[in-house]
Amino acid sequence: MEQNGGFATLGFLNQEVLKVSGAEWKTKTPFASIRRIVQDERFFFKIKPGLWALLSQKNKLPQDILPTDAIPKREQELFNHSYYQGLLVEIGKLKKYETFVPNQDKNKRFLGKTLGEISSQIDFYQFGYEHLVRKAKTVDVCWFNARKMPNVLFEVEHSTDIQNSLLKFLELQDFNTNFFIVADKVRKVEYTGKLELNAFVPIKTRVQFMDYDKLSEWHTKTFEIVSVEDSLTF
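Residue numbers (my numbering): 1 to 234.
Note that these hints are calculated values from the structure, not bench results. Do not rely on the hints blindly, as some may be mistaken.
Unchecked claim - The following label-pair restraints were derived from C-beta to C-beta distances: (1) Ala199 to Glu2: 33 to 43 Å; (2) Trp218 to Arg147: 15 to 25 Å; (3) Lys93 to Val20: 34 to 44 Å; (4) Glu196 to Glu24: 30 to 40 Å; (5) Thr205 to Ser21: 30 to 40 Å; (6) Ala199 to Gln104: 23 to 33 Å; (7) Lys113 to Asn145: 19 to 29 Å; (8) Trp218 to Glu77: 46 to 56 Å; (9) Glu2 to Arg134: 18 to 28 Å; (10) Tyr125 to Phe43: 40 to 50 Å; (11) Glu196 to Lys148: 27 to 37 Å; (12) Val20 to Ala70: 12 to 22 Å; (13) Tyr125 to Leu18: 17 to 27 Å.
As the list claims (entries may be wrong) - Here are the simulated DSSO-like cross-link-like pairs (lysine-lysine), alpha carbons at most 27 Å apart as the crow flies: (14) Lys28 to Lys73; (15) Lys106 to Lys135; (16) Lys96 to Lys214; (17) Lys221 to Lys28; (18) Lys135 to Lys204; (19) Lys137 to Lys93; (20) Lys188 to Lys135; (21) Lys73 to Lys185; (22) Lys93 to Lys148; (23) Lys19 to Lys48; (24) Lys137 to Lys204; (25) Lys185 to Lys46; (26) Lys137 to Lys19; (27) Lys214 to Lys93; (28) Lys106 to Lys28; (29) Lys168 to Lys137; (30) Lys221 to Lys48; (31) Lys148 to Lys185; (32) Lys19 to Lys95; (33) Lys96 to Lys73; (34) Lys73 to Lys48; (35) Lys188 to Lys148; (36) Lys95 to Lys194; (37) Lys73 to Lys221; (38) Lys106 to Lys73; (39) Lys137 to Lys113; (40) Lys58 to Lys95.
Yeah, the Cβ is synthetic: ideal placement off N, Cα and C, and Gly gets one too.
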C-alpha cells in the first residue's frame, strides 16, 4: 500500500501482496487475512467501499482520493462517481470484456490515473442505428463482448435522477444486454418506485440494482479469482 501511494483497493492488494518476494503466508485463506489486516485501525482507515489507506499517510493523500472540506461538494461527488466507474472498468477488463466510458468522462480521475487510461476502448463500436449508438455512448460504463456488441451497461447514480438512466435502457431494450443501476443502498427504494412505472414494463425484469458495497465486494472477489487462476496451469 505504501508503494502505491498510501492507498489501495482490496482488489489491488489481493493481486499484489501475494507477489511480494520472501513473504510467507502461513494460512490457507490469505485473502481473508488481508481483509482483516486492513481493518486494524492502528495502521489503516477506510476511505469508501473497497478503498483503504495508511493512517500515517492520511494528510498526504491526493484530493481526488481523500477530498478535504475545502473541495466543493459537487467536485467530491464527481470523484465518487468516477471511483465507482473505475471499479466497473477494472472488473470488466478482468472478465475479458472491452470497456468503454463516455468521452466526457475520460479525463476524470480514478486512483491516480484517468478513466481513459484504464478503459480499453477509445472509440465506441457502431453496433446499430446511429441514434441508438449515440444514446449508448452516454452510459457510464459499457462492456463489449468478443463480437463487439454491448453485453452489460452500467449507470452510476451517485446524485442524479435514476429515471434518466432507465430511459436510456428503455431505448436499448432490443439488444441482448444486461442493465445495472449502481447507487448507494439508500436509493434502492427510489429505484424500485421508478421501475414500477408502466413505461418501464419492457425492461423491468432486465434491470438490476447494485449498491456500492456489493460493487466493492464484486471488485475484490474478481481480483481474488484472477489471482488464484494466475497460479494455475490450464
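These are the hints, each one checked on the structure:
| no. | hint | in the structure |
| --- | --- | --- |
| 1 | Ala199 to Glu2: 33 to 43 Å | violated (51 Å) |
| 2 | Trp218 to Arg147: 15 to 25 Å | holds (24 Å) |
| 3 | Lys93 to Val20: 34 to 44 Å | violated (23 Å) |
| 4 | Glu196 to Glu24: 30 to 40 Å | violated (55 Å) |
| 5 | Thr205 to Ser21: 30 to 40 Å | violated (50 Å) |
| 6 | Ala199 to Gln104: 23 to 33 Å | holds (27 Å) |
| 7 | Lys113 to Asn145: 19 to 29 Å | holds (25 Å) |
| 8 | Trp218 to Glu77: 46 to 56 Å | violated (22 Å) |
| 9 | Glu2 to Arg134: 18 to 28 Å | violated (45 Å) |
| 10 | Tyr125 to Phe43: 40 to 50 Å | holds (45 Å) |
| 11 | Glu196 to Lys148: 27 to 37 Å | holds (34 Å) |
| 12 | Val20 to Ala70: 12 to 22 Å | violated (36 Å) |
| 13 | Tyr125 to Leu18: 17 to 27 Å | violated (36 Å) |
| 14 | Lys28 to Lys73 | violated (43 Å) |
| 15 | Lys106 to Lys135 | holds (17 Å) |
| 16 | Lys96 to Lys214 | holds (20 Å) |
| 17 | Lys221 to Lys28 | holds (16 Å) |
| 18 | Lys135 to Lys204 | holds (19 Å) |
| 19 | Lys137 to Lys93 | holds (18 Å) |
| 20 | Lys188 to Lys135 | holds (24 Å) |
| 21 | Lys73 to Lys185 | holds (20 Å) |
| 22 | Lys93 to Lys148 | holds (14 Å) |
| 23 | Lys19 to Lys48 | holds (25 Å) |
| 24 | Lys137 to Lys204 | holds (22 Å) |
| 25 | Lys185 to Lys46 | holds (18 Å) |
| 26 | Lys137 to Lys19 | violated (38 Å) |
| 27 | Lys214 to Lys93 | holds (18 Å) |
| 28 | Lys106 to Lys28 | violated (40 Å) |
| 29 | Lys168 to Lys137 | holds (10 Å) |
| 30 | Lys221 to Lys48 | holds (17 Å) |
| 31 | Lys148 to Lys185 | violated (32 Å) |
| 32 | Lys19 to Lys95 | holds (21 Å) |
| 33 | Lys96 to Lys73 | violated (35 Å) |
| 34 | Lys73 to Lys48 | holds (16 Å) |
| 35 | Lys188 to Lys148 | violated (31 Å) |
| 36 | Lys95 to Lys194 | violated (30 Å) |
| 37 | Lys73 to Lys221 | violated (31 Å) |
| 38 | Lys106 to Lys73 | holds (21 Å) |
| 39 | Lys137 to Lys113 | holds (21 Å) |
| 40 | Lys58 to Lys95 | violated (33 Å) |
In summary, the numbered hints that this structure violates are 1, 3, 4, 5, 8, 9, 12, 13, 14, 26, 28, 31, 33, 35, 36, 37 and 40.
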